[in-house]
Amino acid sequence: MSTIQISVSALAETKMALHSAKHGFSNPIHGIIVGKSGSDGVVEIVDAVPVCHEVPTKPIVDMALRLVDAHLQQQGDNELTIIGWYTSNASTSDDETPNFSACRIASSMSDCCQEEGGDNFILVMVTTSGLLAAVSKDSDSSSALCRVFQKDARTKTFSSEVDSSLITQENDTSYIISKAMSKEMPIYDFVDHISNYGSDDWKNMDWIKNGSIKL
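Numbering-wise (my numbering), the sequence shown opens with residue 4 and increments by one.
These aren't lab readings, by the way, just hints derived from the structure by calculation. Bear in mind that the values here come from a model prediction, so they are computed numbers and not experimental data. Careful, some of the hints might be misleading.
As a list, the in silico DSS-like pairs of lysine-lysine whose alpha-carbon atoms are at most 25 Å apart [to be verified]:
no.: 1; residue 1: Lys25; residue 2: Lys159
no.: 2; residue 1: Lys182; residue 2: Lys25
no.: 3; residue 1: Lys186; residue 2: Lys39
no.: 4; residue 1: Lys206; residue 2: Lys25
no.: 5; residue 1: Lys25; residue 2: Lys186
no.: 6; residue 1: Lys182; residue 2: Lys159
no.: 7; residue 1: Lys217; residue 2: Lys206
no.: 8; residue 1: Lys186; residue 2: Lys212
no.: 9; residue 1: Lys61; residue 2: Lys182
no.: 10; residue 1: Lys182; residue 2: Lys212
no.: 11; residue 1: Lys186; residue 2: Lys206
no.: 12; residue 1: Lys25; residue 2: Lys61
no.: 13; residue 1: Lys212; residue 2: Lys61
no.: 14; residue 1: Lys217; residue 2: Lys39
no.: 15; residue 1: Lys206; residue 2: Lys39
no.: 16; residue 1: Lys217; residue 2: Lys186
no.: 17; residue 1: Lys61; residue 2: Lys159
Taking CB as the label site, the calculated pair distances span [as the list claims (entries may be wrong)]:
no.: 18; residue 1: Gln8; residue 2: Asp175; range: 18 to 24 Å
no.: 19; residue 1: Arg69; residue 2: Ser132; range: 32 to 38 Å
no.: 20; residue 1: Ser198; residue 2: Arg69; range: 31 to 37 Å
no.: 21; residue 1: Asp175; residue 2: Gly201; range: 36 to 42 Å
no.: 22; residue 1: Ser132; residue 2: Lys212; range: 15 to 21 Å
no.: 23; residue 1: Lys212; residue 2: Arg157; range: 34 to 40 Å
no.: 24; residue 1: Arg107; residue 2: Arg69; range: 35 to 41 Å
no.: 25; residue 1: Asn199; residue 2: Asn174; range: 33 to 39 Å
no.: 26; residue 1: Asp65; residue 2: Lys217; range: 36 to 42 Å
no.: 27; residue 1: Lys212; residue 2: Glu57; range: 30 to 36 Å
no.: 28; residue 1: Asp65; residue 2: Ser139; range: 33 to 39 Å
All C-beta atoms, glycine included, are put in the ideal place defined by N, C-alpha and C.
Turn these sequences into a full structure, and let the hints guide you.
Below, the structure is given as structure tokens:
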């Protein structure tokens, strides 16, 4: 396992925060991390694509990954790829480790990346304390919204946490997230999209881009 440095865009953090807040930490949420992973160990988290707000099934995960991969290829940016998975736990008191489903999915995706010559696959966990810190002046401002994990070379599990000193975020991210929540910007995941098929709002549920989120 190599030492990596991670930068997180305000857009990605805002989408993960909105996705988590929308479901009130009453259900686990899951999604895809899009970004750039260089051979120098620098990982850039550029965007986040919400997938579901429940325990994910294999068909949901597989189809979401295929659609996001196809979308990235259509964009023509060869540097942007799927570099990770994100989650938040169902329990508001559980900020310690990612849930089992997320670890299992990340492990499987990581194995595929390594077979294709990629490395540095990450698992991001959105924390309750970090979300509160982002939106409340009374919260502990030292609480990070996201904790990042790598696969441990010995146990083959996503139990190795990246030191917070190696993670940087854009300036004013907390303010941006707070502003987005106050405006009640809508965010949709893949399950929202397929569950509302045929409804009047279905075509507006752009779960891959969530273009209504303006920073």
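What's the verdict on Lys61 and Lys159, does the C-alpha distance respect the 25 Å limit or exceed it? Holds, because 20 Å separates the two Cα atoms, which is no more than 25 Å.
Against the range 32 to 38 Å, how does the distance between the Cβ atoms of Arg69 and Ser132 compare: consistent or not? Holds - the Cβ-Cβ distance for Arg69 and Ser132, about 34 Å, lies within 32 to 38 Å.
Mind checking the hinted window 15 to 21 Å against the Cβ distance between Ser132 and Lys212? violated, 29 Å
Holds or violated: the 36 to 42 Å window for the beta-carbon distance between Asp65 and Lys217? violated, 31 Å
Against the range 33 to 39 Å, how does the distance between the Cβ atoms of Asn199 and Asn174 compare: consistent or not? holds, 36 Å
Holds or violated: Lys186 with Lys39, Cα cutoff 25 Å? Violated - the C-alpha atoms of Lys39 and Lys186 are around 30 Å apart, more than 25 Å.
Holds or violated: Lys61 and Lys182, Cα atoms, limit 25 Å. violated, 35 Å
Has the given pair, Lys206 with Lys39, been kept, meaning a C-alpha gap of at most 25 Å? violated, 29 Å
Pair hint Lys217 and Lys39, alpha-carbon separation not exceeding 25 Å: Between Lys217 and Lys39 the Cα gap is close to 22 Å, so the pair holds against 25 Å.
Keeping to a limit of 25 Å between CA atoms, is the pair of Lys182 and Lys212 held or broken? Distance ~19 Å between Lys182 and Lys212 Cα, so the pair holds.
For the pair supplied as a hint, Lys217 and Lys186, is the alpha-carbon distance within the 25 Å limit? Holds. Lys217 to Lys186 sits at ~10 Å (cutoff 25 Å).
Is 35 to 41 Å a correct range for the gap between the Cβ atoms of Arg107 and Arg69? violated, 19 Å
Comparing the model with each numbered hint stated earlier shows that hints 1, 3, 6, 9, 15, 20, 22, 24, 26, 27 do not hold.
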